[in-house]
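Q: Knowing the structure of chain A, use the given hints to seat chains B, C and D on it.
Protein chains in written order, with the numbering used here: chain A, 4 to 139; chain B, 4 to 139; chain C, 4 to 139; chain D, 4 to 139.
If you are wondering where the hints come from, they were derived from the structure by calculation, not from laboratory data. Any given hint could be a false lead.
Since the list gives no way to pick out one identical chain from another, each pair is judged satisfied if it fits inside one copy or across any two copies.
[What the hints assert, rightly or not] In silico BS3-like cross-links for lysine-lysine, where the CA-CA straight-line distance does not exceed 25 Å:
1) 104 with 49
2) 139 with 31
3) 90 with 139
4) 49 with 103
There are 4 protein chains.
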Amino acid sequence: MYKHSIYERVRYADTDKMGYLYYGHYAKFYEIGRTETLRQAGMTYKNMEEVTGIMLPVVHMESRFLRPAHYDDNIEIVTMVKEMPTKMITFHHELINQDKKLINTAIVKLFFIEMATGARVSIPVDLKNEIAPFFK
Amino acid sequence: MYKHSIYERVRYADTDKMGYLYYGHYAKFYEIGRTETLRQAGMTYKNMEEVTGIMLPVVHMESRFLRPAHYDDNIEIVTMVKEMPTKMITFHHELINQDKKLINTAIVKLFFIEMATGARVSIPVDLKNEIAPFFK
Amino acid sequence: MYKHSIYERVRYADTDKMGYLYYGHYAKFYEIGRTETLRQAGMTYKNMEEVTGIMLPVVHMESRFLRPAHYDDNIEIVTMVKEMPTKMITFHHELINQDKKLINTAIVKLFFIEMATGARVSIPVDLKNEIAPFFK
Amino acid sequence: MYKHSIYERVRYADTDKMGYLYYGHYAKFYEIGRTETLRQAGMTYKNMEEVTGIMLPVVHMESRFLRPAHYDDNIEIVTMVKEMPTKMITFHHELINQDKKLINTAIVKLFFIEMATGARVSIPVDLKNEIAPFFK
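Pulled out of the complex, with its shape left as it was, chain A reads as follows (with noise of 0.2 Å):
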């Protein structure tokens, strides 16, 4: 399993009129912990579309909010990618809040899509190899 942690604040402006999180907004939490996962593997989501043309379009989402965020809730986003990529990265996330309380679970699919074609590849090889490692 590869793993990975970081902390991203609630700000006003993702707090609704129930002064909760908005649910819609957990998506771009989920965003950062992929992507800071992908940047300690050694692979920016920037270079890889960039560089290797290769992007990754959500293709399924499931999310389940145990608890709500509050405004200024400093929230643990805990990332694993559980299994080796192939033509597909799974993401799960877990959400923890300042009290080490679960506040909410996520599975982001991710395809690998080479940008010039609209056709599905496998993970660049770049990142295979980092993270290979990590799952024998």
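A: Leaving out everything else, chains B, C and D in the frame of chain A:
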């Protein structure tokens, strides 16, 4: 089954660097779908909170991204309540673009929560009576 | 003067912890105002980019927040072009709530930029011809 | 003058079809700037609302967009309070990209409002005492 349809345009604000509707912004499209479904059933969500004292936090969301939505696309949001709600209400959404292609499906589940106590309660009687004929 | 009016509802996604339309989300209301103003003048912004090859980045925005907008308010966005655009187009917006109260005014200035070169250019001829009669 | 600096990265969620940070999302960058400025001054905005009972709605915003911000740019948000606040607080922001180029300047003005009454009040004494030495 109780069914509703409304159109919502993809704005520049909703797009991302790929030129697509950002995956996190679909949640607002679902919100529009379910809010207008309730309004059609004679119950504004605003009144549900302010008069009935019941709020509807999302507890589960699942989205399948089949095709991208592009800037200025006029998206039909089809919303269906397929089962008579009890202490939970489940909305099924289908998003359809102007070429009549299905671009996204989603299932969003919400609890009825009494705001004063935080307790789970049953669907408000007025709403139940309004939609009950559709489930016979 | 060229003038346009459209209604846009404040969604849960747009509210913040105060229960107000978050100050950052007004920009999307202005975007809707100016996009639909252009559409009324026979020019979709989508075509301006894709056919004419001209984009309109915002270079200056000024907003005055007079009253809050609340959840589910149906806001009238009045958009005015008060002077014939040259290399810049200036939109004046007035946002009015359902009680006919002025809640927000804004001035948004955009350049016409040729996407291929990044150079500032003049207003596209088709758009100029369409709106010119309103400035005589 | 009271001054503060923090970095915030442009996420995919923040970009638009041009590949730029959408003009409406700068408001959240300003929010982060002023919130962290207050935190540095020993006053969380959360506590200002929940303990002091004072909220800070934005009443005026002016933004100048000098250069685009791009995906994954790590933007420095410089926030300055140039005058001792009274019943209004004015934040000046300068956003600077990783090439040390100034991309955006903004002035955001907020009122101190007593939440219980809606009345305009003066800057909370604790905050005043903390920042007063910087205006001598």
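Q: Determine for every hint whether it applies to the structure shown.
A: Verification of the supplied hints:
no. : hint        : result
1   : 104 with 49 : between (32 Å within a copy, 20 Å between copies)
2   : 139 with 31 : neither (31 Å within a copy, 41 Å between copies)
3   : 90 with 139 : within (19 Å within a copy, 45 Å between copies)
4   : 49 with 103 : between (32 Å within a copy, 20 Å between copies)
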